[in-house]
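Numbering (our numbering), first residue to last: 247 to 532.
Do not take every clue at face value.
Said to hold, decoys possible - Label-pair ranges, simulated between beta-carbon atoms: (1) Pro-420 / Glu-315: 26 to 36 Å; (2) Gly-515 / Arg-311: 15 to 25 Å; (3) Ala-330 / Pro-481: 49 to 59 Å; (4) Ala-341 / Gly-528: 47 to 57 Å; (5) Ala-475 / Arg-310: 20 to 30 Å; (6) Asp-409 / Ala-471: 29 to 39 Å; (7) Glu-347 / Pro-439: 41 to 51 Å; (8) Ala-468 / Ala-341: 28 to 38 Å; (9) Asp-492 / Pro-420: 13 to 23 Å.
If you are wondering where the hints come from, they were derived from the structure by calculation, not from laboratory data. Because the structure is a prediction, the values reported are computed rather than measured. Where is the CB? At the ideal position from N, CA and C, for every residue including glycine.
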Amino acid sequence: METIVEPGAMQAWADATRAAGLRVALVPTMGALHAGHVALVAEARRRAERVVVSIFVNPIQFDRRDDFERYPRTLEDDEGRCTAAGVDVVFAPSAGAMYSEGFKAAVEVAHLTAPLCGRGRPGHFRGVTTVVTKLFHCVRPDVAVFGEKDWQQLAVIRRMTADLDFGIEIVGVPTIREADGVALSSRNRRLGPADREAARCLPRALGAAAQLVTAGEARARAVLARVEAEIGGEPRAKLEYAALCDPDTLEDVTDVKAPALLALAVWVGGVRLIDNRLLVPGRINR
Numbered sequence: 247m248e249t250i251v252e253p254g255a256m257q258a259w260a261d262a263t264r265a266a267g268l269r270v271a272l273v274p275t276m277g278a279l280h281a282g283h284v285a286l287v288a289e290a291r292r293r294a295e296r297v298v299v300s301i302f303v304n305p306i307q308f309d310r311r312d313d314f315e316r317y318p319r320t321l322e323d324d325e326g327r328c329t330a331a332g333v334d335v336v337f338a339p340s341a342g343a344m345y346s347e348g349f350k351a352a353v354e355v356a357h358l359t360a361p362l363c364g365r366g367r368p369g370h371f372r373g374v375t376t377v378v379t380k381l382f383h384c385v386r387p388d389v390a391v392f393g394e395k396d397w398q399q400l401a402v403i404r405r406m407t408a409d410l411d412f413g414i415e416i417v418g419v420p421t422i423r424e425a426d427g428v429a430l431s432s433r434n435r436r437l438g439p440a441d442r443e444a445a446r447c448l449p450r451a452l453g454a455a456a457q458l459v460t461a462g463e464a465r466a467r468a469v470l471a472r473v474e475a476e477i478g479g480e481p482r483a484k485l486e487y488a489a490l491c492d493p494d495t496l497e498d499v500t501d502v503k504a505p506a507l508l509a510l511a512v513w514v515g516g517v518r519l520i521d522n523r524l525l526v527p528g529r530i531n532r
């Protein structure tokens, strides 16, 4: 495995690899890798002969400076995980390499970025789509793999990729969870023991909603009320939003007559956690 830090060198590697007739898969990350990222790499290896993992804490997608500064940075450990997972290249550019002095360009996807996380994080998705566009130009992948925990991000990237004719296959991988149901996230490292215990309210809320739908409840307001009660019962948690929406358009739904996405954002001990679950009427939602 090799680590590349310059965009030009990354492009040269990508051009040579594609010229050799090899498919390239990209797994974009901000580092602090965990088993969820390893699952993304495994999917990437199934779909391409060469796998690139980008590790870049992207400053322009953070709406709070303190959140950016506290985001864990563990490059040496991340490189070890990548080596063990069979990654071919780690692309770890600096902020200066990605955004040269005077950088003004931006890529934005309208509509899909407005609801859910977009309401409380102005400019976040513009930062995401801008950096992913740059990563696509640097790595030139045939396929890019993302986690479904960030469902809205995945929907936005799919829309951007289609609209801008990138010709890149976008693959979503189901959320990897701890034994107690908490979704794996790099932000979990910032949770103290009591807050980590409190974080279990997210999968509990999703599970309670799933049980309601399985039992035949179709009214969105009833499902969301159950979620709000579950989160509200945890004193260390503060609900930012709970939404039941169309999984493709992310528009709110009033009832669960078709598969619907239940999405949550919850603050636990000063750490913002997100999670989601697809609810399907007429099916046992476990």
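Here is how each hint holds up against the structure:
1. Pro-420 / Glu-315: 26 to 36 Å: For Glu-315 against Pro-420, whose Cβ atoms are near 31 Å apart, the range 26 to 36 Å holds.
2. Gly-515 / Arg-311: 15 to 25 Å: holds (19 Å)
3. Ala-330 / Pro-481: 49 to 59 Å: violated (39 Å)
4. Ala-341 / Gly-528: 47 to 57 Å: holds (49 Å)
5. Ala-475 / Arg-310: 20 to 30 Å: holds (29 Å)
6. Asp-409 / Ala-471: 29 to 39 Å: About 37 Å separates the Cβ atoms of Asp-409 and Ala-471, which means 29 to 39 Å holds.
7. Glu-347 / Pro-439: 41 to 51 Å: Between Glu-347 and Pro-439, where Cβ atoms are some 44 Å apart, the hint holds.
8. Ala-468 / Ala-341: 28 to 38 Å: This hint is violated: roughly 46 Å between Cβ atoms.
9. Asp-492 / Pro-420: 13 to 23 Å: At 19 Å between Cβs, range holds.
The earlier numbered hints that this structure contradicts are 3 and 8.
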